[in-house]
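S.K.: What follows is the residue order along each chain.
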Amino acid sequence: MKKIAISFILSLLVSVVSFAQVDRSQFPKAGPAPVIKIGEAETFTLDNGLKVFVVENDKLPRVSFTLVLERDPLFEGEKAGLTGFVGQMMRAGTTTRTKDQIDEEIDFIGANLGVSSTSMSASSLKKHQGKILDLMADVLYNPVFPEEELEKLKKQTLTGLATSKDDPNSISGRLSSAMVYGKDHPYGESTTEESIGNITVEDVKSYYTTYFKPNIAYLAIVGDMSKSEAEEVVNKYFSDWEAGDVPKFTYDTPAPLDKTVVGLVDRSSSVQTVIDIAQPIDLTLGDEEYIASRVLNQIFGGGSSSRLFMNLREDKGYTYGAYSSFAADKLIGQFSASASVRTEVTDSALVEFIYEINDLVDNGVTQEELDKAKANLAGSFGRSLESPATIANFALNIERYDLPKDYYETYLQKMNALTVADINKTADDLIDPSKLYITAVGNGSEIKDKLAQFGEVMMFDNMGFPAKEMAAVDADMTSEKVIENYIAAIGGKAKASAIKAAKLEMVAEVMGTQLTIQLIHDDANMRFAQKTIVGGNVMQTSVVKDGKGTASVQGQSMAMTDEQVDATQLSTYFLPELHFETMGYTLTLDGIKDVEGTPAYKVIVATPLGSSVTNYYSVESGLKIKNENPVSGDTFYSDYQEKNGVLIPMTQTIKSAMIPVPLEAKITNLEINPELTEADFN
Amino acid sequence: MMKKLTALGLMAGMLSVPAFAQNKIEFKEFDLDNGLHVIMHQDNTTPIVVTSVLYHVGSKNEQPDRTGFAHFFEHLMFEGSENIERGEYMNIIQSHGGTLNAYTSNDITYYYESLPSNELELALYMESERMLHSKVDQTGVETQREVVKEEKRQSYDNRPYGSILIETLKRAYTVHPYRWAPIGSLDDLNAASIEEFQQFYKDFYVPNNATLTIAGDIDYKQTEEWVKKYFSEIPKGTKEIYRPDIEEPKKTAEIRDVVYDNIQIPAVIQAYNLPPKADKDSYAMSMLSTYLTGGNSSLMTKELVDKQQKALALAAIPLDLEDGGIFIMYGITNMGVEPKDLETEIDKLVKQVQEEGISDQDFEKLQNIMENNIVSGNSSMAGIAENLAEAHVMFGGADYVNKVMDAYSQVTKADLQRVANEYLTLDGRVVLYYLPKPAEAAQESPEAAQE
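For the record, the sequence lines run as chains A and B. Just so we're aligned, residue 1 is where the first sequence starts under the UniProt record's numbering, counting upward by one. Just so we're aligned, residue 1 is where the second sequence starts under the UniProt record's numbering, counting upward by one.
With a straight-line Cα cutoff of 25 Å, these simulated DSS-like cross-link-like pairs (lysine-lysine) come out: (1) Lys221/B x Lys29/A; (2) Lys307/B x Lys155/A; (3) Lys316/A x Lys149/B; (4) Lys131/A x Lys302/B; (5) Lys152/A x Lys307/B; (6) Lys127/A x Lys413/B; (7) Lys37/A x Lys221/B; (8) Lys403/B x Lys127/A; (9) Lys302/B x Lys155/A; (10) Lys24/B x Lys227/A; (11) Lys24/B x Lys126/A; (12) Lys152/A x Lys302/B; (13) Lys24/B x Lys37/A; (14) Lys24/B x Lys127/A; (15) Lys229/B x Lys29/A; (16) Lys24/B x Lys59/A; (17) Lys403/B x Lys126/A; (18) Lys307/B x Lys99/A; (19) Lys548/A x Lys437/B; (20) Lys228/B x Lys29/A; (21) Lys655/A x Lys437/B; (22) Lys545/A x Lys437/B; (23) Lys302/B x Lys154/A; (24) Lys531/A x Lys340/B; (25) Lys59/A x Lys28/B; (26) Lys236/A x Lys213/A; (27) Lys99/A x Lys302/B; (28) Lys437/B x Lys531/A.
The hints are simulated quantities; they were obtained by calculation from the structure and are not laboratory data.
Using the sequences and the accompanying hints, generate a full structural model.
M.R.: Structure representation (structure tokens):
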């Protein structure tokens, strides 16, 4: 009893003492750096050349199988995009299973199976491993490559491509690759409508039979499986896989620049400029400077406390984020620094980027930056080890890049040994600030001149090809003349003015659903009515008359504000050009632009209240070929046909951020000067 | 041949039942005198440690005219403390190689950081600073009010369908505080005085309302010492913690409404009231939602998205809450499909499950999927820490983490049909149609501005 009492008092004393010891003004010191134990992978090789890595981890009853093919990069040329189809084509059916059956069987066991042109990965609970291996092997050995799947994939890819041609980030990516590597390099080429059209089922099959070979493959098994069990399983499923010769390819290293150049894609609807500064670098995983390059990037632009972010976002507020990367690659790596910035600050932002690059190379980094970067990278290295897949990846890298066996075991030691001088040397070795590729995707008329200070400015189109040279506008050309030419081209003022009203119906198809648009223009009385019908239901209508507008969606109607009426009026006339003058609109001629390959005069039409649209008139034919509207997107006009002596575009293609696919609307019914009643505008 | 296959299938089905088990998660627990409950899980395979604190306070603990407080505190609690300078909390964790995050629900507020294991003492210090003397002052309140305003704009007002939860809760509950969402009202936050914020901190951010969980590369003894060193001096709360004891009356009539939002495509929302989170029917409801919309081969996705193409997307989400949550189903209509039309088809499928139940094959598939999900939920230290904390607070003890699989394996095929009938009742539900806002839609529609 006494004993207990004493120990109680003691413990009280102890705890009082320990209270007193808590000095909250000091952060607790870190303990000794933990030893990173990286589980070693077991390896073995089959007779057919398949190298297998096993990382046993029985914490959870799961297992995963990842097959990786190690081949040289491919230049796909006129079949660009082919490799993107291989994986889904393989998974789309085997000699004994349809695609639906494969999906159902995988869902049934709660598993995953993914395939690409250079990999296959499958994972499931341990107890379902037999089933998932059956499925994996079936897809690996017996794919049938259904023709209809290829058609579906082509369609999806074309849709994606159409979207990406208007997406500034995609355009920037294509431009940067094309400039840095050239269009005749595997890393510089890009998929086009034409190259997708060239791809056949035979091409996919031929790729499969050429490259899916065990002698260029690695299989990583991670999870609840011992080496001996792995040997048994791998022998059962992969020993019959036949080896074969796989072609090898080499490519010329892109010639270095003499001095910095600028590439620009003019995207006139942009309010932001996507900036990328790139340079090819000679850097491969395992190089002496590889780890230093990770630290360097962390300091320069790897995260939200790095230099680029602190300067361009936190200090200047030019952008939501600015980042850099040093990509390592066996063939050729790339340094890149990028941000999306407001149009007005495009040049200021570039000045800061260039300043930061020069400062990094000239003045190097500080000890404090180095320490912080090391702590940050060591932390994420440690966290990444929680995933067994990381260990498998390490084992694969050691093999693929011929690294020392203890490369990852001693990774943090190597990193912690790096000095400020090491990082500075790496910056100096990897980056040459006088030979950069600067790319910009943005509003050309606002930014082109301002870019000239950084280097010679070259124009490109949205696919990364050099833009067609556009002639300068003749000195005596004016916006009024462009409009006159247009009116002459469609049939002359007399005939055009004779059209007082029109009723038309256009039909388009969106993702398999028919969409009908009915339009009634009463130009003489400034009245307009529009109705959109989808699948037999009126989805939306709008009416403008007597200077007022009403819009309704699914039966809910609402009056337009004056600004909305003003903006809508820009588009309510059947032949708006006849009314620009009477409406008091201001016209501005903004040069000759490339509209999908056709040189065209760009004319900005603005209302007194400030709404505006931009029209493009072909230099050669005088006809209007494109309209840009800030709310509804871009409309392209084609298939002009004569109606009542006036040329009318019978097809309109609409591209807008709000619709996933360009919408092709054809006029199916057109009545010129029809009888109109009040009821048409109710 | 056919018979043989069936027999084999049956056997496989039987065999898989005893295999329906999970690896046991070991842990140790203790309580401090001030009421702080501590759970530790040791796993030395990777040199990292996850430290988390679960405060048992969510939007349901708020007063009706001060909504959004709990979530607001999730922001305020990163402002610093007496010893941590304003705005430095995140920097300190990151510059020691860590990451951190937090979230707020209707029931709880959860903070966690993941650090290299030699920084455990720092993590405990940081969390103890937060609990002992966080900065709750005018500057912090003003700064975070702006941030929360932006968050509300980005995630609720500007995001298409972003207001679904708010609009649904508002109608699914009439008296229970679940009737407002954690984001709450900016007006309430604007109206609140600094004293009210300080009082909320004193009421709810107390050790007797918190669960500290440490999972990873730790030494049990050392960890316990450090926990005592940093947390023992934090005083216990003096008041009883306010937990609403309000019973939501059972609805007897369907509530139907239209919401106009900044969207292009109409959507149909249906919500049904659920039993309390810890009720055993929750397992069956969770399986039922997976059966209806989980994955490409689920009932509704296959029928309404792939086959009939009436919906672009469909989801059934059981929002399981401590006092009884809601089962939300939403479907986004395909081009030209009337919301009414989609709703009819959804109802037909619900009715089909109510009348016919589900097949043996589908039931087995469901069991497989649930098993895979549960196993995967414990694949990281962060996941284990969260599961342990939630088990202690919501399910009566941390050991619940080792019983989840059992609970699911006890659900029968008949249970699924029964809960479909019991909870998915048409006369007690909320139905919302989300339609495009007329003015906006007319302005933005590509057809309006042709020519």
